[in-house]
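Spelled out, the chains give:
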Amino acid sequence: VTRSVAIVAEAGLDLEPAAAIVRQATGGLPVVAFLPDGGDASLAAAASAKPDRVVVIGDGTALPLAETAAAALEAACRQEGAELVVLPAAVRWREVAAQLGFRLGGGCTTEVLELRRGEAGTLLADRLLYGGLVVATLALRIPAVVTVAVPATVEGAILPERASALEAATPEASKRLLDRRQLEPEAAEGEAAERAADLSTAGRIVAVGRGLRRQEDLSLIEGLAAVLGAEIACTRPIAEDLEWLPEERKVGLSGRVVKPALYMAVGISGAIQHLVGMRDSGVIVAINSDPRAPIFQAADFGVVGDLYEVVPRLTAALAAEA
Amino acid sequence: LHIICCLKHVPDTTELRLDPETGRPLLEYAPPKISDYDRNALDEGVRVKEGSGATVTVLSVGPQEAVRTLKEAVAAGADRAILVIPPRSDSEPVDVDPTGTARLLVAAIRRVAPFDLVLCGDVSEDRYQGLVPGMLAAALGIPQVSAATRLEVTEEAATVTRVADAVVETYRLRFPAVVSVTRTINTPRMVTTLQVIRVPTSRITMVSAAELGVDEAGLAPGALATRVLATRPAATPRRNKVLTGEPDATIGQLVAALKETGALP
Numbered sequence: 070v071t072r073s074v075a076i077v078a079e080a081g082l083d084l085e086p087a088a089a090i091v092r093q094a095t096g097g098l099p100v101v102a103f104l105p106d107g108g109d110a111s112l113a114a115a116a117s118a119k120p121d122r123v124v125v126i127g128d129g130t131a132l133p134l135a136e137t138a139a140a141a142l143e144a145a146c147r148q149e150g151a152e153l154v155v156l157p158a159a160v161r162w163r164e165v166a167a168q169l170g171f172r173l174g175g176g177c178t179t180e181v182l183e184l185r186r187g188e189a190g191t192l193l194a195d196r197l198l199y200g201g202l203v204v205a206t207l208a209l210r211i212p213a214v215v216t217v218a219v220p221a222t223v224e225g226a227i228l229p230e231r232a233s234a235l236e237a238a239t240p241e242a243s244k245r246l247l248d249r250r251q252l253e254p255e256a257a258e259g260e261a262a263e264r265a266a267d268l269s270t271a272g273r274i275v276a277v278g279r280g281l282r283r284q285e286d287l288s289l290i291e292g293l294a295a296v297l298g299a300e301i302a303c304t305r306p307i308a309e310d311l312e313w314l315p316e317e318r319k320v321g322l323s324g325r326v327v328k329p330a331l332y333m334a335v336g337i338s339g340a341i342q343h344l345v346g347m348r349d350s351g352v353i354v355a356i357n358s359d360p361r362a363p364i365f366q367a368a369d370f371g372v373v374g375d376l377y378e379v380v381p382r383l384t385a386a387l388a389a390e391a
Numbered sequence: 010l011h012i013i014c015c016l017k018h019v020p021d022t023t024e025l026r027l028d029p030e031t032g033r034p035l036l037e038y039a040p041p042k043i044s045d046y047d048r049n050a051l052d053e054g055v056r057v058k059e060g061s062g063a064t065v066t067v068l069s070v071g072p073q074e075a076v077r078t079l080k081e082a083v084a085a086g087a088d089r090a091i092l093v094i095p096p097r098s099d100s101e102p103v104d105v106d107p108t109g110t111a112r113l114l115v116a117a118i119r120r121v122a123p124f125d126l127v128l129c130g131d132v133s134e135d136r137y138q139g140l141v142p143g144m145l146a147a148a149l150g151i152p153q154v155s156a157a158t159r160l161e162v163t164e165e166a167a168t169v170t171r172v173a174d175a176v177v178e179t180y181r182l183r184f185p186a187v188v189s190v191t192r193t194i195n196t197p198r199m200v201t202t203l204q205v206i207r208v209p210t211s212r213i214t215m216v217s218a219a220e221l222g223v224d225e226a227g228l229a230p231g232a233l234a235t236r237v238l239a240t241r242p243a244a245t246p247r248r249n250k251v252l253t254g255e256p257d258a259t260i261g262q263l264v265a266a267l268k269e270t271g272a273l274p
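Residue numbers (my numbering), protein chains in the order written: chain A, 70 to 391; chain F, 10 to 274.
Keep in mind the hints are simulated off the structure, nothing from the lab. One thing to keep in mind: the hints can contain errors.
To be verified - Lysine to any residue pairs mimicking SDA-like chemistry, simulated, CA-CA at most 20 Å apart:
1. F:LYS268 / A:ALA388
2. F:LYS268 / A:GLY174
3. F:LYS58 / F:ALA166
4. F:LYS42 / F:THR64
Stated by the list, open to error - Stretches of chain F that chain A covers, calculated by requiring three or more beta carbons in the stretch to come under 8 Å of a beta carbon on chain A:
5. 81 to 87
6. 107 to 120
7. 248 to 262
Unchecked claim - Pair ranges (Cβ atoms, derived):
8. F:ALA226 / A:GLY96: 29 to 37 Å
9. A:ALA189 / F:ILE206: 16 to 24 Å
10. F:THR253 / A:ARG186: 47 to 55 Å
11. F:GLY261 / A:PRO360: 42 to 50 Å
12. F:MET215 / A:PRO315: 43 to 51 Å
13. A:GLN284 / F:ASP28: 37 to 45 Å
14. A:ARG283 / F:MET215: 26 to 34 Å
15. F:GLY254 / A:SER288: 51 to 59 Å
16. F:ASP21 / A:GLU188: 28 to 36 Å
17. A:GLY96 / F:ALA239: 38 to 46 Å
Virtual Cβ for every residue (Gly too), placed ideally from N, Cα, C.
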């Protein structure tokens, strides 16, 4: 029986970190990249995983429906003897991971940080639990399905020679499912489909929380971010409840996970759900008027003070330095 | 129109602390609640009910104590509630994995069928895996949309808007279907303690896995496909240097410290 591990590739993704996690856990097993479509951009993404083989799943269309993608992947996994399938940690692929995990009957989890071999027939996965308070080790029965956070890609990676042959797995199975299309994706409205601000690659971030009293006062934060050459981010209440900044600037468990060299948390109390998104930053600065705010426990340097006094002075001081 | 809302009884994550000795999360000291997101799913179901006269059935997999959570759901407007109690192991309720939870929920769903729409929270507040909605869809063989931010329902279909990785998508789903919602979809109305207390326990139906025809052996800890083995505290140590005093002086110290660490040139 063939044994392998599989990574699902999609155009625009850099799969190298995911592949590193996979190889660490399953060293020696061949790595197969599953491609939902055979386009050049998808091939480039697959190449970033440096796979031993590339297999186009389904009928070579993008498989827009979770149920169709899961059915095609299940067939491909069984054919390839996949002990582990890694999918990108994105909304759409999480649906597919859940459906595929249920179909295969093995262990399944999302947003895995690390993987290693467990006792016979299991893999061990580390992931956060309880709002990021703890790292848990989960035992996953093989065949396991996990999602891993993947960064956006550099374009034009070169496929290794040995993986240049493309193979279609089971066109009939997925074709049949496609015919029963209950879901009708409408064209995403152009203006609404704005691309996210790229917080994941920002070297410096100034983030704001509920300490800010009025939306107009965002200009203070913008001023500080400008002298630092930083991106602006925010907490969940600012994006979700007050809607002062767009969702894609939300840092935390339900938003982005960022690792800039410098993270300035302004008027942020430090709820665990926010800390999870920024605690791996290089240097963390907290500005908050409440000396007991949990953010100070998570910061390297804290300034206890009213942000309306501190931020303008800090902005001026930094501008004078430049 | 029959809407099924799936809820999880969880410890309030914002109140959860670690045992300073062992680093273990002190789950028993955190107050229990309906998981955020699930609360939104429930309110969305009740909102549809108010507009259309739908019936709302609440399902939950959890320990006996979750009865209070389900009473809250009834107080919030659900017509009936069923608590599926997983088997116990060493007198502790089994920590059922998402696959097991989905199997139990599906067994309960078949009990209350026919149904049109299954509403779930997009993730649970405690585990945050976001797998059960997809597993329900796979088990029931019906379509799914997750991360819903807007829902409009007619007799035979739902129009669902979601934001997937910064792209806004709109789907039309013919019933039956599974939709999981984010917290932005609505602001759940508050329910008072008095309203919860007034709900008689008899409004909550309790069933065991065996009564639903689900093989209990498959839900034993050793038989679960996914199992939590251990936990450890997640935070990395920081310098924790807090500067107090005159704003100009502290800012001077801060800028100097940042230069020293190399965070500023």
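Range hint 51 to 59 Å: satisfied by the CB atoms of GLY254 (chain F) and SER288 (chain A)? violated (27 Å)
Outcome for the supplied range 42 to 50 Å, where the beta carbon pair is GLY261 (chain F) and PRO360 (chain A): violated (20 Å)
Are three or more residues of the segment 248 to 262 of chain F within 8 Å, CB to CB, of chain A? Satisfied; 11 residues make the cut.
Is 37 to 45 Å right for how far apart the beta carbons of GLN284 (chain A) and ASP28 (chain F) are? Roughly 41 Å apart at Cβ, these two residues keep to the hinted range, so it holds.
So the hint says 43 to 51 Å: do the beta-carbon atoms of MET215 (chain F) and PRO315 (chain A) match that? About 44 Å separates the Cβ atoms of MET215 (chain F) and PRO315 (chain A), which means 43 to 51 Å holds.
Look at the Cβ atoms of ASP21 (chain F) and GLU188 (chain A) and judge whether their distance stays inside 28 to 36 Å. holds (34 Å)
Is the listed coverage of the segment 81 to 87 of chain F by chain A valid when you require three or more residues with a beta carbon under 8 Å from a beta carbon of that chain? Since three or more residues must qualify, the claim that chain A covers the segment 81 to 87 of chain F is violated, with 0 doing so at under 8 Å.
How does the Cβ-Cβ distance of ALA226 (chain F) and GLY96 (chain A) compare with 29 to 37 Å: does it lie in that range? Between ALA226 (chain F) and GLY96 (chain A), where Cβ atoms are some 34 Å apart, the hint holds.
Hint check: LYS268 (chain F) vs ALA388 (chain A), CA-CA at most 20 Å. Holds or violated? The hint holds at about 14 Å.
C-beta pair ALA189 (chain A), ILE206 (chain F): status relative to the range 16 to 24 Å that was hinted: violated (51 Å)
Below or equal to 20 Å on CA atoms is what counts here, so check LYS42 (chain F) against THR64 (chain F). violated (23 Å)
So does THR253 (chain F) sit 47 to 55 Å from ARG186 (chain A), Cβ to Cβ? Holds, at about 50 Å.
Checked against the numbered hints above, the structure breaks hints 2, 4, 5, 9, 11, 14, 15, 17 and satisfies the rest.
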